[in-house]
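Quick note, the sequences are listed as chains L and P, same order. Reading the first sequence from the start, the letters are residues 0 to 295 in numbering that gives the first Met the number 0. Reading the second sequence from the start, the letters are residues 0 to 305 in numbering that gives the first Met the number 0.
I should point out that these hints are in silico values taken from the structure, not numbers from a laboratory. Please read all numbers here as calculations on a predicted model, not as lab measurements. Check the hints yourself; a few may be wrong.
[Said to hold, decoys possible] Straight-line distance between alpha carbons at most 25 Å, and here's what the computed BS3-like set of lysine-lysine pairs gives:
no. : chain 1 : residue 1 : chain 2 : residue 2
1   : L       : 99        : P       : 9
2   : P       : 3         : L       : 99
3   : L       : 98        : P       : 3
4   : L       : 99        : P       : 6
5   : P       : 230       : P       : 300
6   : P       : 61        : P       : 47
7   : P       : 47        : L       : 135
8   : P       : 300       : L       : 99
9   : P       : 204       : P       : 102
10  : P       : 300       : L       : 98
11  : L       : 98        : P       : 9
12  : L       : 98        : P       : 6
13  : L       : 286       : P       : 102
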Amino acid sequence: MNQANRTWQWISHTFLAVLSILCIIPFVLLFSASLSSEDSILQNGYSFLPKVFSFDAYEYLASSFSVIGRAYGITVIVTAVGTTVSLLMTAMLGYALSKKDMPGYRVYTFLVFFTLLFNGGLVPTYLVYTQLFDIKNTLWALLLPGLLMNGFNVLLARSFFINTIPVPVLESARIDGAGEYRLFFQMVLPLSLPIMATIGLFTGIMYWNDWNNGLIYITDPQLYSVQNLLNQIMQNIEALKSANSAYGSASANIKDLPGETARMAIAVIGILPIMIAYPFFQRYFVKGIAGGAVKG
Amino acid sequence: MQNKTFKRYKTYLPIMVMMLPGMIYLLINNYLPMAGLVIAFKSIDYSKGVFGGDWNGFTNFKFLFRTTDAYIITRNTLLYNATFIVLGTILSFGVALLLNEVKNRFMSRFYQTVILLPFLISMVIVSYLVFGFLGEGQGYVNNTLLPMLGLDPISWYMEPKYWPYILVLVNLWKTIGFNCIIYLAAIIGIDQEYYEAATLDGASKWQQIRTITLPLIAPIIVIMTLLAVGKIFYSDFGLFYQVPLNSGILYDTTNVIDTYVFRGLLQSNNIGMSAAAGFYQSLVGFSLVILTNYTVRKFSKDNALF
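Isolated chain L, as found in the complex:
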């Protein structure tokens, strides 16, 4: 390797290392805060290494397991059900749209495609879901609006079906007497594992991370997902703090709420599962992005 090349390597590594540190360091701050004692945080603020080490925050969370466990349960259920149903609906619609001889093929394809270009926005969507379907404060609210299926994934699945499922194989199976449903579930789906895995991964992450639907449609704390709980805790502490400073009263209530450290500990618990799983799905994640599986 010549001198110029070595310089380039050196520049690249330095720059990327700095960037990597910038990407990680906020998480370190969060993690360290959750492992500090409340007093040290109140005195010295957050720091990258706990000044006084303590598990108090996590003990507090364990003691309020009913709230956090419940939110976790809801997130897990919604993610699992949402992703499964989403995959099934996306695959079925995508498969149907890969049949160019189907009557009405062009109309259906256009109807799916048009949803990528135009949408009604929040106000009409909210009114449709709350007034016509009455999903406010039900689990449906976390599952249905916006997330369950999108035209982009349908078209992605469709082009996969068109390009990789060999028509002769389907034909011969059909001649052997296999019905359309059997064909789909026993031949097409297994052959489409790569695209299904990619779409499933991104849908799953979307459900896991979603706070938007909860913010809009859920006011009942019993139905909070982890993200909504986090959202609520951040807002409550802010509201309480400003109320306290406005009335100048000593904070009696604030002791009942998770303190600075417990708040960070909940956030840690919120990202931990995804962080732990990340190294395992990282390759598919990168591949999916590079292949255009996600809309930016």
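Once you have looked at the hints, place chain P on chain L.
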């Protein structure tokens, strides 16, 4: 003839049944709300049913555009997005170039994994991370960084003037990884022979980037930029709502169309104006998508949406 049509329908009946759940979902989730856009031209009266209010023409729009809000949210949406597009493209492309230089495969994968991390987490978590730095009482910046520089603490969540910088920074932090992976995939796709030939001719790395990589990647940069321009009227709701903690004092620099519509609908009960702003966004947004797609087509038919 009729028999033939019937037969065709019969063969495709199972397929059409499979299509049904997805199509019904699109009807509810996408097409009903599109039709519901007419609400912007009505006065909202829940007692008459959602869409049963009386027509009031452009009244909602008149109210909306009479306020300074309409100007502020349009300005903020456009300026933030333009900044994100320009800085985001330059930085992600730059990082992709550097990543391409890293020949050690383990390190390359490591860097990719780490810079994608911010993209993986929700905006609620991001708001916690930002709060860890900027929180007034305990934040790292006020407690450690500013005292180190001998400066006074700043009430970040009360001072609108800092937020354009903060939001741009947070957005870049969260999205660079994603865009950089797309550019990297394109760069890796370039035929290595170009570089080998250039090296034989004694071209430096910098010359290779300027004369091989850049021209070959330019179409992708143009297309990505155009697609982003098509979405310039839409903003990342989470970034502008969660990260400033919905602080009212900051609205001047943090309010965008999406947050305005949300607050009008769910917090200040100003549904008429909210619906008008939403309609305005849908309409202009749609026109921009059509316009940019037309432009993309001129560059490359393959990359156009239609």
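Checked hints:
Pair hint residue 99 of chain L plus residue 9 of chain P holds up; C-alpha atoms about 16 Å apart against a cutoff of 25 Å. Straight-line distance between C-alpha atoms of residue 3 of chain P and residue 99 of chain L comes to about 17 Å, which keeps the hinted pair within the 25 Å bound. Taken as a hint, the residue 98 of chain L and residue 3 of chain P pair is honoured in the structure, with Cα atoms around 18 Å apart against an allowance of 25 Å. Taking the CA atoms of residue 99 of chain L and residue 6 of chain P, the gap is near 16 Å; set against the 25 Å cutoff, the hint holds.
Distance check on the hinted pair: residue 230 of chain P and residue 300 of chain P sit about 19 Å apart at the alpha-carbon level, within 25 Å; holds. Under the criterion of a C-alpha separation no larger than 25 Å, the hint pairing residue 61 of chain P with residue 47 of chain P is consistent with the structure, at around 23 Å. About 20 Å separates the Cα atoms of residue 47 of chain P and residue 135 of chain L, which keeps this hinted pair within 25 Å; it holds. Of the pairs offered as hints, the one joining residue 300 of chain P and residue 99 of chain L holds, with about 21 Å between alpha carbons and a cut-off of 25 Å not exceeded.
For the given pair, residue 204 of chain P sits about 14 Å from residue 102 of chain P by alpha-carbon distance, which is consistent with the 25 Å threshold. About 23 Å separates the Cα atoms of residue 300 of chain P and residue 98 of chain L, which keeps this hinted pair within 25 Å; it holds. Between residue 98 of chain L and residue 9 of chain P, the direct Cα distance comes to roughly 14 Å. Compliance with the 25 Å bound is thereby established for this hinted pair. The hinted pair formed by residue 98 of chain L and residue 6 of chain P meets the criterion: a straight-line CA distance of about 16 Å does not exceed 25 Å.
Using a Cα cut-off of 25 Å, the hinted pair residue 286 of chain L and residue 102 of chain P holds, with the two alpha carbons roughly 19 Å apart.
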